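**Student:** Sequence:
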Amino acid sequence: MELEFLCPDCSRRNELEPDSVQLAIRCSSCGKNFGEPSAFLDEKMGLQHCGICGCRDLYTQKDFNRTIGCAIVAVGAVLAPFTKLISLLVCALIDLLLYQFLPVITVCYRCKSIYRGLPPNPQHEGFNLGINDRYRSMDERGGAGKQ
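Using my numbering, read the sequence shown as starting at 3 and increasing by one per residue.
Read the hints as simulated data drawn from the structure, not as lab findings.
Note that this is a predicted model, so its numbers are computed, not measured.
Wrong hints could be hidden among the right ones.
To be verified - With a straight-line Cα cutoff of 20 Å, these simulated SDA-like cross-link-like pairs (lysine to any residue) come out:
1. 64 <-> 122
2. 46 <-> 34
3. 114 <-> 50
4. 46 <-> 106
5. 64 <-> 74
6. 64 <-> 34
7. 114 <-> 43
8. 34 <-> 6
9. 64 <-> 128
10. 34 <-> 11
11. 46 <-> 119
12. 114 <-> 69
13. 34 <-> 23
14. 114 <-> 62
15. 86 <-> 69
16. 34 <-> 4
17. 114 <-> 139
18. 46 <-> 4
Generate the whole structure from the sequences, applying the supplied hints.
**Tutor:** Here's what the structure looks like:
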């Protein structure tokens, strides 16, 4: 399992690979303890809730770097007039291949923590804009930790 998160206390970015589900997850900067992964993983290593903020609203997506994706599209668009739009077709093919082979990650709606290397939980669906807007509006009102 790999875990990427922002510490709610010191706002520092953390990237951890716990060796065991019995070892506590701690912020590498301030040392805040978030507990053991066994507290938020089931017996099949499936993610039940976010280990950082406790939120049960999680979504899955492909582990794709958006900057690279935008760069691929930009190159295809710039070359389109010179390639009779074939470059856009090539970019779409590259995108399809990447989509097929990239692994799935789980992301928390509330704190945006990213979990890699875990089996997908069928209860977690793809991104839902309505759920995301609910958490964004809570952040704007200053109530992100109240749910």
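**Student:** None of the hints should be skipped; say for each whether it holds.
**Tutor:** Verification of the hints:
1. 64 <-> 122: holds, 11 Å
2. 46 <-> 34: violated, 27 Å
3. 114 <-> 50: holds, 15 Å
4. 46 <-> 106: The hint holds at about 17 Å.
5. 64 <-> 74: Status holds; Cα separation ~17 Å.
6. 64 <-> 34: Measuring from Cα to Cα gives roughly 29 Å; hence the hint is violated.
7. 114 <-> 43: holds, 18 Å
8. 34 <-> 6: Given that 20 Å is the threshold and the Cα spacing comes to 15 Å, the pair holds.
9. 64 <-> 128: At roughly 10 Å apart (the allowed maximum being 20 Å), residue 128 and residue 64 satisfy the hint.
10. 34 <-> 11: holds, 8 Å
11. 46 <-> 119: holds, 13 Å
12. 114 <-> 69: Holds - the C-alpha atoms of residue 69 and residue 114 are around 18 Å apart, at most 20 Å.
13. 34 <-> 23: Cα-Cα ~17 Å, so holds.
14. 114 <-> 62: Judged against 20 Å, a Cα distance of about 12 Å means the pair holds.
15. 86 <-> 69: The hint is violated at about 25 Å.
16. 34 <-> 4: Given that 20 Å is the threshold and the Cα spacing comes to 18 Å, the pair holds.
17. 114 <-> 139: holds, 15 Å
18. 46 <-> 4: holds, 16 Å
When the structure is compared with the earlier hints, violations turn up for hints 2, 6, 15 and for no others.
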